[in-house]
Amino acid sequence: MSKTDLPLTPEDVAEIAAILAGTPYDRLDVTTARFRLRVARDDAGDGFTQDWSYTDTAAPGATVVAAVAEIEPGICIRAPLPGTFYRAPAPGAPPFVEVGAHVTPDTVVGIIETMKLMNPVHAGVAGVVEAILTNDATMIAKGAALIRLAEPAA
Amino acid sequence: MIKRLFIANRGEIALRIIRTAQRMGMVTILGASQADADSLPARMADEVVIIGPAPSSQSYLNIAAVVAGAQAARADAVHPGYGFLSENAAFAGAVAAAGIVFVGPELSSLKAMGDKLMARKVGIEAGLPVVPGGEAADKAAARVQAERTGYPLLLKAVSGGGGRGMKRVDAPEQLDAQIDMAMAEAQAAFGDARVYVERFIGRGRHVEVQVLGDGHDAIHLGTRDCSIQRRFQKLVEEAPAPNMPADKRAAIETAAVNLARHLHYRGAGTVEFLVDAETFDFYFLEMNARIQVEHPVTEAITGVDLIEQQLLIAGGARMALRQADVQPLGHAIEVRINAEDWRADFRPSPGTVAQAQWPAGPGIRVDTHIASGSEVPPYYDSLIGKLIVHAPSRAEAVALLRTSLDRLHIDGVDTTRDLHRAIVADARFAAGGVDTRFFEGLEA
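Protein chains in written order, with the numbering used here: chain A, 1 to 154; chain B, 1001 to 1444.
It cannot be assumed that every hint is accurate.
What the hints assert, rightly or not - Below, in silico cross-link-like pairs of lysine to aspartate or glutamate (EDC-like), each with a Cα-Cα straight-line distance of 20 angstroms or less:
| # | chain 1 | residue 1 | chain 2 | residue 2 |
| --- | --- | --- | --- | --- |
| 1 | A | 142 | B | 1375 |
| 2 | A | 142 | B | 1087 |
| 3 | A | 116 | B | 1087 |
| 4 | B | 1234 | B | 1341 |
To be clear, the hints were calculated from the coordinates, so they are not data collected in a lab.
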């Protein structure tokens, strides 16, 4: 217990709530160098909530996700959620779409793996694939431009 | 006695293990991926080793990287938590080969419970009832099996899974046609035409028994009911299993202890059963050789810290706890709060949690790694916290769960809170003892 000295266990928080319940006070708000804890009576007055926050120490060590929603001209198919973008249904399989392909709103143009689930990406609009903006197996943020479409030829 | 414990996991269970290990005076070392370098468990651990990049395949599932991290940290034991490598015999072997204690059962137990057919065989050896049935190589063999199991029955592909190649047969005259179809489907889907005949349990409950063993003896810590599931994912768990006759409960607990003794089981484990919701006949399914997500409901009613027991036993101690010491008190219910948009087919909802307001107070326990401002990364599963309530009776526990859910507010990501409110409001849940079809009938 060298570096951290988290002084409050879940049992302590339950006890704080029990102590508050026997007083006229509605809230306990503790701020230390490392964290802030608010234990508060809820609006109905018959129970308590706990809300923890931690002071930002270091920058997140996470690999930086590809730039968020850069300005792309034209109609773009964007990522509906963050995750890993795949252009093909399986490794080695042909991609869902290539440049020049005609798509309708229901066309599946890729999949995004998020939280161990494979989520299909639908084109959402009709058009012709003009450019693939995101490489296969790339981590992308929500809203990242994946594919640029041109208007379908009249 | 363990002095330096390496935690090979993340999220709420990593934090849970760190808390108990620190209380026991151990130095805790978290093996974290880059994405979790700033997570709450990383802040609470005494030391942190970055074991690899964000994707699990390169970090939490990478046996070489995890073992190297534990060695670099001079750890004398590794706790694998649940999921990831927790039941991986190759990992347990690699940890042992590095001269480090694996906090879990012996390799032989991990292997015996490694696949369902093997588990069934070991269960039978230990004298446990299994779902009546057996393999049927051809039509004639299937007819013989069907005579024994009775109707309705299920035809299952031996190599199958996820419901494919499964046929329900209600009467003998349907058997021939259904076998042809089942075998053809099994061949097409799995390249293996062999099928398996099993009695169909119309209304089944998922009941499991927590066991503890030290290699010499074993005890149980009562039942848990996890019948409320969606696509085999548990949503709600409670202890003890409600509305079960006392003699049947005692029988199922004894069966679980018999299996643990048969295996000379060391550590914490869970023996899973399918229980007929009408007759309470029970059948052994499998054993989970690790700590379970739902372990807190057992801790609530027994007062036993299961992580502490795991660490004591892994450290070489004989079990100090005796069966007579375990006197369950009251009723506990756990709900899993997942970052998912449950109204949009449970679509994952990672992101930044702007505010996390969890309920607090007597009888309420929240196991979470998510505070206001925390990140829910897109790489891992969607569990962000568990709300556990404990009260003298089930009715009081249900009432406490209802008001606790009302006070739970998570902003920034979608959660399954309102799904749980719908479950709590369901009359079948209030009555207790629902079967595994509960979710299909949920009105929300």
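Hint-by-hint comparison with the structure:
Restraint check for residue 142 (chain A) and residue 1375 (chain B): the C-alpha separation of about 14 angstroms stays at or below 20 angstroms, so the hint holds. Proposed proximity of residue 142 (chain A) and residue 1087 (chain B) is contradicted: the alpha carbons are some 34 angstroms apart, above 20 angstroms. Restraint check for residue 116 (chain A) and residue 1087 (chain B): the C-alpha separation of about 18 angstroms stays at or below 20 angstroms, so the hint holds. As the CA atoms of residue 1234 (chain B) and residue 1341 (chain B) are separated by approximately 16 angstroms, the hinted pair is consistent with the 20 angstroms bound.
Of the numbered hints stated above, the single one contradicted by the structure is hint 2.
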